[in-house]
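Asks: Here the protein sequences come in this chain order: S and B.
Numbering of the first sequence is given in the working numbering, commencing with residue 1 and proceeding in unit increments.
Numbering of the second sequence is given in the working numbering, commencing with residue 187 and proceeding in unit increments.
Certain hints may be false.
[Said to hold, decoys possible] The calculated label-pair distances, taken between Cβ atoms and stated as ranges, are:
| hint | chain 1 | residue 1 | chain 2 | residue 2 | range |
| --- | --- | --- | --- | --- | --- |
| 1 | S | Lys176 | B | Lys208 | 21 to 31 Å |
| 2 | B | Met248 | S | Ile13 | 52 to 62 Å |
| 3 | B | Arg243 | S | Ala73 | 54 to 64 Å |
| 4 | B | Pro215 | S | Gln97 | 19 to 29 Å |
| 5 | S | His172 | B | Glu216 | 41 to 51 Å |
[As the list claims (entries may be wrong)] Residues from chain B that face chain S, not an exhaustive set, calculated with beta carbons under 10 Å:
| hint | residue |
| --- | --- |
| 6 | Lys197 |
| 7 | Leu211 |
| 8 | Leu214 |
For the record, the hints were derived by calculation from the structure and aren't laboratory data.
Using N, Cα and C, we set each Cβ at its ideal position, and we do this for glycine too.
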Amino acid sequence: MASRNTYDEAQVIEQLRDPAAARTAFGKVIEHYSSTLYWHIRRMVFNHDDANDVLQNTFIKAWTSIDHFRGDARLSTWLYKIAINESITFINKQKAQNNISIDDDDSFLVNQLESDEFFDGDAAQLKLQRAIATLPEKQRVVFNLRYYDEMKYEDMSEVLGTSVGALKASYHHALKKIEAFLQEND
Amino acid sequence: MIGLGKDPGFKVPENYFEEFNKRMLDSLPEKEITEVEKPQEQKATVVDKPSMWVRVRPYLYMAAAFAGIFGMVKVFNMYNGTDISELARGMDDEKNAEELIMSGTSEYDILNYEDSVMMDAAGEELKSVTK
Chain S
1 MASRNTYDEA QVIEQLRDPA AARTAFGKVI EHYSSTLYWH IRRMVFNHDD
51 ANDVLQNTFI KAWTSIDHFR GDARLSTWLY KIAINESITF INKQKAQNNI
101 SIDDDDSFLV NQLESDEFFD GDAAQLKLQR AIATLPEKQR VVFNLRYYDE
151 MKYEDMSEVL GTSVGALKAS YHHALKKIEA FLQEND
Chain B
187 MIGLGKDPGF KVPENYFEEF NKRMLDSLPE KEITEVEKPQ EQKATVVDKP
237 SMWVRVRPYL YMAAAFAGIF GMVKVFNMYN GTDISELARG MDDEKNAEEL
287 IMSGTSEYDI LNYEDSVMMD AAGEELKSVT K
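Just need the whole structure built from these sequences, with the hints factored in.
Replies: Listed below in structure tokens is the structure:
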């Protein structure tokens, strides 16, 4: 926690541009963002081991393409973008391996959640995850960013490159679908 | 709104993030540090400025080529006894003349003219035979 308090993003970005200091600076980035990104990825892929792999891929991709990071954007925005892309890529690979159409929802990911040793939710929590998994991926991203991460629509707009209005509409539709699912499966 | 709280029920192994952060940092691939190559030291020898001849030479070649073309045109005209502009004017005049002649001439006139030419030629031939 002490390191979180001393995290100075502007300074870290400057150090990332210096080849001699970049590695140490990236260590600070990992320390600062690993938890936030992990939970976002975990809510996308559900399983802990998969979330761990996607988080690793996210940081490796960020590290190898750090030269493409524009200083005018926020590091968190850039890392979220990578994490979301990596999560969706992972889910699509899983669908291909399981002969599931790319257009189908991600319910298959929740099927093993009950037996997952790193899930201790009750029946209601499991049902909510099942409901969330029925959403299209992009709507699921919007729902998770708003509902769990409590991200502002303006920040979400930067991450997803979508207008605030469209994001609000997407979140509203997601809520309606989840509520409908919960009522149907009551 | 959903009324189920915001805890999804997920958990992680103990000390997961501490261990992950360390493991992640250790597993980062080495980045090739591309040092900016120092510019080669400038050679001590100062390159001479190009001489006047080198600078003027292309213009001289161009002037010589124009002079050659001009001379060739002059020589060509001298051997033909006329220059191109005159020939052009003539061609224009000839065309105009033909138009002038043909405009007032009927087909009948042309046939008469051809007959008279043929008669003249025959007369000349007869004369040469009778001599």
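Asks: Is 21 to 31 Å a correct range for the gap between the Cβ atoms of lysine 176 (chain S) and lysine 208 (chain B)?
Replies: violated, 43 Å
Asks: At the C-beta level, are methionine 248 (chain B) and isoleucine 13 (chain S) separated by a distance inside 52 to 62 Å?
Replies: The hinted range 52 to 62 Å holds for methionine 248 (chain B) and isoleucine 13 (chain S), with Cβ atoms some 59 Å apart.
Asks: Using the nearest Cβ pair, does leucine 214 (chain B) come within less than 10 Å of chain S?
Replies: Interface hint status for leucine 214 (chain B): holds (5 Å vs cutoff 10 Å).
Asks: Using Cβ atoms only, decide whether lysine 197 (chain B) comes closer than 10 Å to chain S, and label the hint accordingly.
Replies: With Cβ-Cβ at 5 Å, under 10 Å, it holds.
Asks: Note whether the CB distance of arginine 243 (chain B) and alanine 73 (chain S) lies within 54 to 64 Å or breaks it.
Replies: holds, 57 Å
Asks: Kindly confirm whether 41 to 51 Å is satisfied by the beta carbon distance between histidine 172 (chain S) and glutamate 216 (chain B).
Replies: holds, 47 Å
Asks: Against the range 19 to 29 Å, how does the distance between the Cβ atoms of proline 215 (chain B) and glutamine 97 (chain S) compare: consistent or not?
Replies: holds, 26 Å
Asks: Grab the minimum C-beta distance from leucine 211 (chain B) to chain S and call the hint holds if it beats 10 Å, violated otherwise.
Replies: Because about 5 Å separates leucine 211 (chain B) from the closest Cβ in chain S, which is inside the 10 Å limit, the hint holds.
Of the numbered hints given earlier, the model fails hint 1 alone.
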